[in-house]
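Asker: Listed below, chain by chain, are the residues.
Number of protein chains: 2
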Amino acid sequence: MSHSQVIIGVDLGGTSVKAGLVGSNGEVLYQNKFPTNADKGPSVVIEQIHLAIQDAMNNRDGAEVRGIGIGAPGVVDDDGVVKAPPNFADWDEVPLKTELSKLFGGYPIGIENDANAAAIGESKYGAGKEIPNFLFVIWGTGVGGGIILDRKIFRGPTGGAGEIGHVCIDYNGPLCNCGSRGCVEAYVGQRYLSQRTAERLQSHPESKIWQLVSGDLSKIEPKIISEAAHNGDVVAKEILLEAGELLGTALAGVMNVMDLRVSIIGGGLSAAGDFVIAAVQDAVVRHVLKPLKKDIRVLAARLGNNAGILGAAGLVA
Amino acid sequence: MSHSQVIIGVDLGGTSVKAGLVGSNGEVLYQNKFPTNADKGPSVVIEQIHLAIQDAMNNRDGAEVRGIGIGAPGVVDDDGVVKAPPNFADWDEVPLKTELSKLFGGYPIGIENDANAAAIGESKYGAGKEIPNFLFVIWGTGVGGGIILDRKIFRGPTGGAGEIGHVCIDYNGPLCNCGSRGCVEAYVGQRYLSQRTAERLQSHPESKIWQLVSGDLSKIEPKIISEAAHNGDVVAKEILLEAGELLGTALAGVMNVMDLRVSIIGGGLSAAGDFVIAAVQDAVVRHVLKPLKKDIRVLAARLGNNAGILGAAGLVA
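In order, the protein sequences belong to chains G and A.
Everything in the first sequence is counted per this note's numbering, starting at 35 for the first residue and increasing by one.
Everything in the second sequence is counted per this note's numbering, starting at 35 for the first residue and increasing by one.
Errors might be hidden in some of the hints.
Which copy is meant is left open, so a pair is good if it fits within one copy or across any two.
Okay, derived cross-link-like pairs now, EDC-like style, lysine to aspartate or glutamate, Cα gap no bigger than 20 Å in a straight line [said to hold, decoys possible]:
1) LYS242 to GLU255
2) LYS328 to ASP111
3) LYS328 to GLU127
Everything labelled a hint here was simulated from the structure, so no lab data went into it.
Predicted model only: the values in this text are computed from it and were never measured.
Produce the complete structure using the sequences and hints provided.
Answerer: Encoded structure:
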């Protein structure tokens, strides 16, 4: 490794914690993967993060480490306290930045919510490199996001900004697991999407999805819907087009309110195909106010599997 | 007038232009009103603004004028260019700040969109004095707004932020005059609200609204619905409660995305009664994400008829 300077990016997830060495142009030079052990409580999780970072350090091949960035689930406040990450046991509020400073005190440490970190990653290294203001969307299990204004993350007053999954698109709509009704996540999030596909398949015995799941509809997931769509399956295409349109409707409202023209879509579902991104774009154009229409662009995120590590690295200035 | 320093606040509307002298605590010490003559083109309108400001100057009674603030309809860019204000003839883009600087060159001049100016007014002098971050809503003919972050207006990348009226609350909903569907304005804006009331009255011959409009349903306006509600009319109360709930649903999405806890409601309909504000609050609480729920506050704006002049004055630092 001939790089003289690297940043360590840490992607803390519910299942695994990954640390990588990132070069100055966003190249991932090395990466590892450790179990998070999220069910064992904060001190065990911190130890796993410690291991992952130390392993990356050991592989830096003489390069200078400029800092450590960590993307974490949950709300992350200005002091690097991580609050209530879903599926982490006994984790109410943990001062992760303080804890890691004890272990790696010599380095600048940045901690941010994972969706915000991914938005920063796309801004620094990905599809948003040339775009100063955009709405980043993670479309996968749920729908989340981050807002980039003037190339910086907009965290909101308490660090919770960017929750675009819980914008209502039908006040009489289905219950969302947030307790509200008609949230866009309750239409296009992974679980709901798979459920709607299963329902629709009842009247479509010809759909290719039946074979892809060997007749077991509980196996439907977006990857399979996407695969079927790529193979020309009509039901799959319809489901994804509808989902894109509904997502676009929600994004349009946010883009109106925040005066934004660009949205970058990441997460598992963003890989479903260009036609889905195009459907989101069409819906946004249809729903935004006139002065915005001609400048609307909806783009697929570019960082793919490296989004977590690169986003985290992007936290180090 | 014993004030040593005043600001001149100018409220430019489609019908009249008002200028006032504002003391340091937000007292309106003097105000006037001139016809805008918006149908006669920009140079006539600028002359009317000139007259209104000069008249205020003439009545300042020796006080020092600290600056001139102007709230204008339409989009106002960073250079004080006013773009396409509705109902102003031959007005595409007019560099109002430059024009007024020629006439009143000695004074600092601030120009801002009228909804943003009103938000700043509530922040400096009104219900938002103690609240660093809030979403301001103008609920009247249409639904507009402004966003206050850290006591400053959030203008967005091009000065168009705050358009909360065109957040969708039902993707299958009625057409809005913006061309989209199911915008909250298409449910709770003055015209739509009056229309729905008229429809509902067909099956409610007992409603007091019939008398208030002397049987002419085209005369229904929010002031009348509000009056009927105050007199215990069930239809009127229902209509306003529903409207408050729908508005709250839209606000909740924006508050989720921007991490905001407080909304301040101004405009004609905010005066319909505390029960409407309470209905908005209930709906916001029901629809926002859990971490926000306990801190949600929906407040009525305080500046009332003086909002325009005070908001404009608030533009001068």
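Asker: Give the relationship of LYS242 and GLU255 under a CA distance limit of 20 Å: within one copy only, between copies only, both, or neither.
Answerer: within (14 Å within a copy, 56 Å between copies)
Asker: Could you place LYS328 and ASP111 in one of the four classes (within, between, both, neither) given a Cα distance threshold of 20 Å?
Answerer: between (37 Å within a copy, 18 Å between copies)
Asker: With identical chains, the pair LYS328 and GLU127 could be close in the same copy or across copies; at 20 Å between alpha carbons, which is it: within, between, both, or neither?
Answerer: between (44 Å within a copy, 18 Å between copies)
Hint check: no violations occur; every hint is consistent with the structure.
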